[in-house]
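K.L.:
Here's the letter readout for the chains.
2 protein chains.
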Amino acid sequence: MKRIVSIIKVGGNLISNEEILNKFLSDFAQLEGLKVLVHGGGKLATELATKLGIETKMIDGRRITDAETLDVITMVYGGLVNKTIVAKLQAHNCNAVGISGADLNSIQSVKRPLKEYDFGFVGDVVKVNSSMFSLLLNNNISPVCCAITHDNNGQLFNTNADTIASEIAVGLSNDFETHLYYCFEKNGVLKDINDENSVIKKINSASYQKLLEDKIIADGMLPKLHNCFNALNKKVSQVHIGSINMLHKNNTLKTTITLK
Amino acid sequence: MKRIVSIIKVGGNLISNEEILNKFLSDFAQLEGLKVLVHGGGKLATELATKLGIETKMIDGRRITDAETLDVITMVYGGLVNKTIVAKLQAHNCNAVGISGADLNSIQSVKRPLKEYDFGFVGDVVKVNSSMFSLLLNNNISPVCCAITHDNNGQLFNTNADTIASEIAVGLSNDFETHLYYCFEKNGVLKDINDENSVIKKINSASYQKLLEDKIIADGMLPKLHNCFNALNKKVSQVHIGSINMLHKNNTLKTTITLK
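Chains A and B are the protein sequences, given in the same order. So for the first sequence, the working numbering puts the first residue at 1; every next one is plus one. So for the second sequence, the working numbering puts the first residue at 1; every next one is plus one.
Source of the hints: derived by calculation from the structure; they are not laboratory data. Treat the hints with care, since some could be wrong.
Stated by the list, open to error - Within a straight-line C-alpha distance of at most 30 Å, the following computed BS3-like cross-link-like pairs (lysine-lysine) qualify:
#1 K23/B to K127/A
#2 K186/B to K210/B
#3 K23/A to K210/B
Using the sequences and the hints, build the whole thing.
P.N.:
Okay, structure coming up:
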């Protein structure tokens with residue numbers, strides 16, 4: 001029987017609030033079994049860029065990453081956020097190691113092809129090094145992955161954290177039973193964006209189409225759900241979307257995504 | 001017979017020059033056997049602090065580290081410099097992982113006690129986790145260590161990179177034969193600071209006392225040599241000081257430190 005690995009992505013808006021971050025990390029540390037954390041840090045990166053007089057340009061919620069923005073991303077995601085999280089996890093007796101995709105050659109990517117826009121130093125994942133993740137997990141070490149990858153030719157790339165989480169889950173699914181959790185500001189996918197209690201408890205491929213037609217799922221939820229179905233189509237066992245409270249065993253308030 | 005591990009420290013002034021950094025990393029990647037890299041980044045940290053309007057205060061060459069300076073250190077050492085080095089090493093087929101002392105709980109420290117000055121968030125090393133270093137090295141993974149440690153209670157500390165290098169060498173000396181290399185701007189310890197060819201090829205405990213009395217060793221070299229003798233007194237096999245060319249097999253221009 002395969003061992004279970006939980007892959008938990010936490011968004012940048014949550015971790016920029018220290019109280020929420022501390023609560024989340026305490027829960028993550030207590031979570032039973034093998035686990036991987038994937039974090040963003042966009043809000044803090046924008047703050048640093050502003051202080052340095054670097055303009056932040058976004059298209060469809062994705063950051064245009066020129067050379068100096070990549071430095072900001074590397075400092076904030078790979079340094080400040082990643083090391084702060086790892087130090088806090090160690091204080092909770094969770095043996096963590098903070099990595100980018102360059103570390104251990106864990107996640108390789110290619111520059112996003114030029115289409116309508118040039119996103120600059122933004123990478124699309126091409127390979128997850130499952131043997132390196134297995135080495136860590138089999139030694140009870142939790143990888144803490146920042147949203148940076150590399151091309152194995154010396155170039156770092158800014159990469160969407162939701163995508164990294166689903167690609168890691170997919171990459172580990174041959175060796176482990178993988179459970180993917182997206183933690184964000186809401187309690188799950190909402191029927192009514194203004195009603196926190198309108199969580200849709202289950203979405204499958206058929207009901208997803210209906211939700212799309214009814215325009216209940218739109219904007220930022222679209223790429224997130226795309227990542228969810230991509231993961232399920234590639235052997236990930238479970239996919240959930242919800243708040244950080246979702247890590248508690250008996251929490252029922254979340255959206256579970258399934259194929260059928 | 002114990003396997004040899006080379007622990008190589010490279011200074012912040014060297015790595016802020018991209019050409020020198022590239023040459024150094026190419027040589028490091030080609031170095032045979034197990035290896036650990038320890039890097040500073042002080043020059044780049046001072047540059048970022050200046051851009052952010054944070055005043056840099058030094059006492060005896062050591063940085064006073066208040067909370068916002070610690071953030072700068074964490075961003076520059078743990079993020080920008082560390083991830084840049086790791087990505088470049090991967091391009092040279094050297095499987096590296098960039099870590100702070102918090103990662104894998106690899107290096108624990110305590111806040112430097114208040115004496116004449118309060119250095120702020122500066123830590124003195126108390127424990128090197130040799131089992132985690134062994135796990136990496138035995139899997140042909142090269143740790144790339146930035147000059148940051150933690151107290152295992154959630155606090156990161158700025159820590160002198162020379163000291164980190166010698167403490168790692170000491171910590172690994174039970175399990176490995178350790179060779180410690182300090183790479184800096186000069187070809188070695190110089191008899192005449194203005195003459196690059198005046199390298200003192202060997203220094204032992206007795207000649208060290210003489211060099212101190214004659215004031216040939218002073219200022220920044222004092223703590224470096226203190227670290228060298230500390231390492232030798234605690235079972236480190238070899239200690240060398242020189243330029244990055246020292247990594248070449250047949251390079252003879254360097255200072256080798258011995259006890260007798």
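K.L.:
Now look at each hint and say whether the structure bears it out.
P.N.:
For each hint, the structure was consulted:
With a CA separation close to 28 Å, the supplied pair K23/B and K127/A stays within the 30 Å bound. In summary, the hint linking K186/B to K210/B is supported, as the alpha carbons are separated by about 21 Å, within the 30 Å threshold. With a C-alpha separation of about 58 Å, the suggested pairing of K23/A with K210/B is violated against the 30 Å cut-off.
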